[in-house]
Every structure is written in structure tokens, then in C-alpha cells.
Amino acid sequence: MQTILNFLIKHNHWFLFILLEGISFMLIVRFNNYQNAIFFTSANRVAGDVYAIFTDIDSYFGLRTENSSLLKHNRELLQEIAVLRGQLNEANNSKALLNDTTANRYKNNYNFYAANVVSNTLTRLNYFIVIDKGLEDGIGNEMGVFNSNGVVGVIYQASQHYSLVLPLLNNKSNTSCKIRNGNETSILQWDGKDKEFSYLVDLPRHSRFAIGDTIVTSGHSSIFPEDIPVGTIDDIEESIDGMFYKARVRLFADFSTLRTVFIVGRDGYKEQKELEKNIPKQ
Amino acid sequence: MTRNYLIRIRNFVLLLMLQVFIFGQIHLFGYATAYISILFILKLPRYTSKNEILIWAFLMGIATDIFANTPGVHAAATTLAALLRNNILEQFIQKGTADDIIPGAGTIGWSRYISYMLLCTTLFYVTLYMIELFTISYPLTLLISVGGSTLLTILFLIVAESFTRK
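For the record, the sequence lines run as chains A and B.
First residue of the first sequence: 42, per our numbering; consecutive thereafter.
First residue of the second sequence: -10, per our numbering; consecutive thereafter.
Because the hints were derived from the structure by calculation, they are not lab data.
Warning: the hint list may mix true and false statements.
Said to hold, decoys possible - Far from chain B, some chain A residues (derived; all Cβ distances over 12 Å):
{"id": "1", "residue": "ILE64"}
{"id": "2", "residue": "ASN212"}
{"id": "3", "residue": "ASP254"}
{"id": "4", "residue": "ARG291"}
What the hints assert, rightly or not - Below, in silico cross-link-like pairs of lysine to aspartate or glutamate (EDC-like), each with a Cα-Cα straight-line distance of 20 Å or less:
{"id": "5", "chain 1": "A", "residue 1": "LYS287", "chain 2": "A", "residue 2": "ASP243"}
{"id": "6", "chain 1": "B", "residue 1": "LYS39", "chain 2": "B", "residue 2": "GLU79"}
{"id": "7", "chain 1": "A", "residue 1": "LYS287", "chain 2": "A", "residue 2": "GLU237"}
{"id": "8", "chain 1": "A", "residue 1": "LYS234", "chain 2": "B", "residue 2": "GLU79"}
{"id": "9", "chain 1": "A", "residue 1": "LYS287", "chain 2": "A", "residue 2": "ASP254"}
{"id": "10", "chain 1": "A", "residue 1": "LYS213", "chain 2": "A", "residue 2": "ASP243"}
{"id": "11", "chain 1": "A", "residue 1": "LYS234", "chain 2": "A", "residue 2": "ASP275"}
{"id": "12", "chain 1": "A", "residue 1": "LYS51", "chain 2": "B", "residue 2": "GLU121"}
{"id": "13", "chain 1": "A", "residue 1": "LYS236", "chain 2": "B", "residue 2": "GLU121"}
{"id": "14", "chain 1": "A", "residue 1": "LYS174", "chain 2": "A", "residue 2": "ASP232"}
{"id": "15", "chain 1": "A", "residue 1": "LYS113", "chain 2": "A", "residue 2": "ASP295"}
{"id": "16", "chain 1": "A", "residue 1": "LYS236", "chain 2": "A", "residue 2": "GLU312"}
{"id": "17", "chain 1": "A", "residue 1": "LYS51", "chain 2": "B", "residue 2": "GLU79"}
{"id": "18", "chain 1": "A", "residue 1": "LYS213", "chain 2": "B", "residue 2": "GLU121"}
{"id": "19", "chain 1": "B", "residue 1": "LYS39", "chain 2": "B", "residue 2": "ASP88"}
{"id": "20", "chain 1": "B", "residue 1": "LYS39", "chain 2": "A", "residue 2": "GLU62"}
{"id": "21", "chain 1": "B", "residue 1": "LYS84", "chain 2": "B", "residue 2": "GLU121"}
Values in this document were obtained by computation on a predicted structure and should not be read as measured data.
We treat Cβ as the ideally placed atom computed from N, Cα and C, and that holds for glycine.
Just chain B, same shape as in the assembly (with noise of 0.2 Å):
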């Protein structure tokens, strides 16, 4: 149990700081940009508690504010797509799934992975951009970004699900 939390934390720092250092940088053509932490969220176990799901993600959103001069705006977005990340996984589990299955491409298959990353991404996004732009008073610039920062995102995502996946 000590070392499941460790190797969480460990991953925690990693996600944390490659989203900083490394993604966090891209921006391509003004509006799509990068969010890979939210991988640590979409990779808890299935059936982890949902107060669980809350803490570390509202925990990594406020980390990122912090790098990111941003306070309380990932924080926000990453806390709501934790909130409905178990309703979401459980559409795309298949009937007599073992309880404890970590969300993956060997566990439930590529496509109902690919799509429940990408509902948890959109959400995610949708969220981040409403409170950024505030005002919608742009809402064709807030559907390019969406849209491009979860493709970027989710292709990200399959990389690294593709390399980790032996």
C-alpha cells in the first residue's frame, strides 16, 4: 500500500514536471496547447473513490498554477474532470471487468480508451478556456482551442501509451 503511494507520488513529480519543463512550452499556431498531467487522473485505478480522484486532481491542477502563473484556473478545470472521470470510464468498461483494472489500451481496448481520453480531455478543456477567456465574447477562438488542444493532447497520449505498452 506504502509503495503504491510512493510510486504515485513518483509519477506525480514526473507528470508534473514534464508538463512544466516540456509540454507546458508548446503552443502551436496560438491556440493548442498540451496538458499531459491529466494522465495521472485518467490512470487511477477504476474504482478509486471518487474523494480520492478530487484530491490529487485538484493537487496537480494547483501545482501547474503555481509553474504557470495561473492560480486556481487548472485547479478548477482538472478538479471538474475528476469529478465526472469515474462516470465517464464506467460507459466504456465492458460487463465482467476485473474491479481494479488500471484505464488503458491492454485493459479496455484502444478505441474505448482513446475515447474515454478523449471525453475527459474535452471536458477538461472546455472548463480550462471558460474561465480563461471569461467572457465569451470569442467563441470561435474558444472552439479552436478546445479542439486543438485535445487533439494535441490526446495524440500526446496515445504516444505514451503506445511506448509504456510492451
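The following block holds chain A by itself, in its conformation from the complex (with noise of 0.2 Å):
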């Protein structure tokens, strides 16, 4: 009895060691499984905070890109509302097609918002991204992320006043994707490997496209609106069983120089996912 008390007074450090490893893999394996173990991410107040300032400073050396490409998204949006307003015209002038139906269809029901990004660790494997905009600001899980460029990622939870945005460019990322002026829809996938491309998985075979092509959402998700730019497609080969094309797609977003980004939900969406808890399981 003796000896085995003494034993385990000299190598009392074994249950320190297995009580700390045994809290890591808790804290990874909690993540993993999409639970709240977000305060132990930068989305908590104080790392939020101490990224924040210094992503303030940061931000004067890319001012610059930055500046030229909201004039870009600017110039965009302006010829959108011209385009919009040439439509708005045209609708007024043949009032019989406007009648209380098609008004409520076309009723824009996604809300918009803009954020600043405070931390990317694009260093890591698997990547997330952080933002100063949080459930007080009206963000939920699972809005779109999407910058002037091209779709940045979903939201993975949110805190208070910070939250965790999944980018494309990780394992768990699924989005779904079409090609611009086609109707086949395939689900956007990263390999781990290239940070600058994409892969298309299932591509039916019947499905026309060529290198060059422009892939955009494809707005069955209801995370995204349909036709957000991805990116476009930059290589083709086939699935390993034959069945389906494999497209690699170079993305649109630069991800190393994130600055600003866009957080679009849609209206009821949280309604639908109450209702989508209710059905019962198999």
C-alpha cells in the first residue's frame, strides 16, 4: 500500500498531464461538433479587442487596394441602379404587369450589413475568420459572408459583438454553386492544399462549361442570393469514378488581404430553421 502511495506521489504530474490534454481535446473536439466553444476563439471580448487595435493599425498599409476596390464595387452598384432604374421605367409605363403578385415576388428580402475584419489566420490548416459584428448587430449563424470581390465564407457562430466566419477556404466548407447562365448546381469544396482555388465536386456529366467560365451561388442554400461571384473556373478534370466532372475554380475573394466584407441574411430565415428543427428524425 505504502509503496504504491509513494508511487503515485512522485508521478503525481501524469494526472496533471491527463487532466490538461484531457481539457484540450475537449475544447477540440467541442469545436469540432459546431458547439459553443467560441469563447475560446478571438471572437471573445478581450482577444476581439486586442486584434481589433491591432487591425486598426494594420489597416493604414493597405489603404490604398483597399481604396480602389470600393471604387470598383462603388462604380458596379452605380451602373446596377441605372440598369434598375431603365427597369423601374419600363415597369411603370406597362402597369399591367404590375399587379400585387409579382410586386410581393420581387420584393427584396435579404438584409445587408458591412463589417470589418479583425483577424485572418491564414496561417492556420483549417482557417477562420473574425469580424467586429456580432449578434447585438443583427448577425446570426449561417448568414453569407461575401466582400466586393466574390463570397468570402458563412457565418460559424456569433458572440455578442464578434463573429466566427467559416471561410471557403476550409475543410468544412460547403457551398452551394452554379455556373453563371447554367442551371446545374454543385457543391464548392477545398482540398486542404491551394489557397487560391476551389474544387467543384459533382458536376453532372451533361453539364456545358469550359475553362473561363464564371461560377456564382447558386441561391438554394438560402444562405446566399443567387449569383454572388465565386470565381471561374480554371481547370477540368474528371471524378475519380467517372460519374461526374471535377472543376477546379479559382477564387475571386483574395483572402491574405481581407479588409472590409459584406453580411447578407435573408428575412424568416430563422423562422425556417425553427421549423427545420421540429422535423423529426429518422
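Taking the hints as your guide, dock the two standalone chains into a single complex.
Structure follows, in C-alpha cells:
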């Protein structure tokens, strides 16, 4: 008995070791399982604030490129306004077409928010982005995130003042996409290697596309509205089983220089999620 | 004693900030990252109790995790490296060395100090990337990442050592 006790006392660091490793692995597993381990990321208040200061200083160095990209986006928006004005005029002229039902159908039911990127840990294999808007600003889980170039990712978890974004460059990311002017949808997945490319993994063999075609969001997932640009097709190969095409997509968003992003959320999305929760599991 | 701990806490915060804002941003060729915070564990005096090393290492790991958005990953890896630190250090210490030396080029010699850092850092990165990749579907990626990251980190640590030693 005495020997066992002595042995245990002498090697008491093993208990501490097992305890600490236990805590670590609990955090890893819980975070991977989509639980609320968000406190242990920089989306928590303290780390978020520290990052915000650093990003404040750092942001001065990228003002020139940021400005030009904002200008470009502004110009595109102005063009869009012009086009829409034209369509509105046309619609007003032919009032017969504009009855109540169509007016409702085309009502814009997406809300847009703007946020600054606080931390962008592109150095990690599976990385996340933190933005400075959270639950209090109206951000919720699974809203779409994009910037003036294209799709960035999806809100993974939101805390009060900050949110964690799951970028396209993450193994967990699945975004429903399609080829612009086409109908076939496919899932965009990252293979964990190159930070410029992602892959459309299951394009049907009958779909028509060519290298250089633009990939946009499909609008089926209810996270993104239709037609937000994602990237261009860079290379095409057959999938391993020969049933599908696999297309390499050069992403529009430059993840290493992200500063400002837009977040899009659909009205009634929460309602839909609540309903889906009630679907009985088989 | 209290003063020692204050200095230690200052070093802890300093290393953490350097790691998060400067060295954590470095990412060479998509494979190599630098984790210089490990210096804190390497530099704890010889004969620091294992429990103490474990706790410091865990705190450093979890703090890095919070900033890198990788809950638990660094913590698990630093804790394992901390468990074996004393055993590794003893391999490189000659007989008759004082009990309370701080491992460094001045106290145990350059070649021994580098080997000591190399072993600890490799151990750290092997654990880190195993956890991060989880399933080792790309053994080559793992090897390149571990090798590249270890070399990069060691390089920074050698530079740091030659600057602090006057």
C-alpha cells in the first residue's frame, strides 16, 4: 500500500498531464462538433478587442488597394442602379403587368450588413476569420459573407460583438454554386492545399461549361442570394469514379488582404430554421 | 521569488504578443509556421517541477489558441512537449552542471542547446499537425509541415539566442 502511494505521489505530474490534455481534447472535439466553444477563440471580447487595435494600425498599410476595390464596387453598384431604374421605368410604363402578386414576389427580402475583418489567421491549415459585428448588430449563424470581389464564407458562430466566419478555404466549408447562365448546381469544397483554388466536386456529366466560365452562388442554400460571384473555372478533370466532372475554381476573393466584408441574411431565415428543427429525425 | 514570477509573467505576455502579431502571421510556402512561444517552456530553469512546467505550457497553449482560433490544438501540443522537456534537457546536460541553470547557449553550449530545441520543437509540431490534420490522409504534407515549421522556428530561436547573449 505504502509503495503504491509513494509511486502515485512521485508521479503526480501524470495526473496533471492527463487532466490538461483532457481539457485540450475536449475543446478540440467540442469546437469541431459545432458547439459553443466560441469563448476560446478570438471572437471573445478580450482577444477581439486586442485584435481590433492591431488591425486598426495594420489597416493603414492596405488603404490604397482597399480604396481601389471599393471604388470599383461603387461603380458596379451605380451601374446596377442605372439598370434597375431603367427596368422600373419600363415597368411603370406597362402598368398592366405590375399587379400585387408580382410586386410581392420581387420584394427584396435580404438584409445586408457591413463589417471589418478583425483577425484573419490565414496561416492555419483550417482557418477562420473574425469580424467585428455580432448578435447585437443583427448577425446570426449561417449568414453569408462576401466582399466586393466575391464570396468569402459563412458565419460559423456569432458572439455578442464579434463573429467567427467559416471561409471557403476550410475543409468544413460546403457552398452551393452553379455556372453563370447554367442550371446545374454543384458543391464547392476546398481540398486543404492551395489558398487560391477550390473545387466543384460533382458537376453532372451532361452540364455544359468551359474553362474561364464564371461560378456564382446558386441561391438554393438560402444562405446566399443567387448570382454572387465566387470564381472562374481554371481546370477540369473527371472525378475518380468517372460519374462527374471535377472543376478547379480560381476564387475571386483574395483572403490574404481581406479588410471589409458584407454579410447577407434573409428575412425569415430563423423561422425556417426553427421549423426545420421540428422535422422528426429518423 | 515574487519578482521572479513577475518577470516570468512579463516574458509570457511579451512572447505571446510577439507570437500572435508578428511570428504567427508568417506562413512560408503554405507549409511552415513559426511558434516562438515555445521558447518560454524551453527557458524555464533546470529542475523546475514537472507540474509547474505543465501548467505554464498549458496556459501558453490555450492563450495562443484563443488568438489563432484553434481551441485546444496548441494547448494539447505544448502540454505534451512540456511533459518530456525535463527528460530531453537531461540528455544534453553534462555532469557537474549547476542545478538551477537556465538552458541556453551560454550554459550548455551551442550544439547541445540547438539539439535540445530541435527535439522539443519537433515533438511539438508532430503533435500539432497530427491533431490539426486529424486523419493523416496526407503523410507528405505532414512531413513537410513538421520539417519546415521546426526549421523556421529553430532559426528564429537561434537568432533570438545570439541577440540576448552579450
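Broken hints, by number: Violated: hints 1, 2, 8, 12, 14, 16 and 21.
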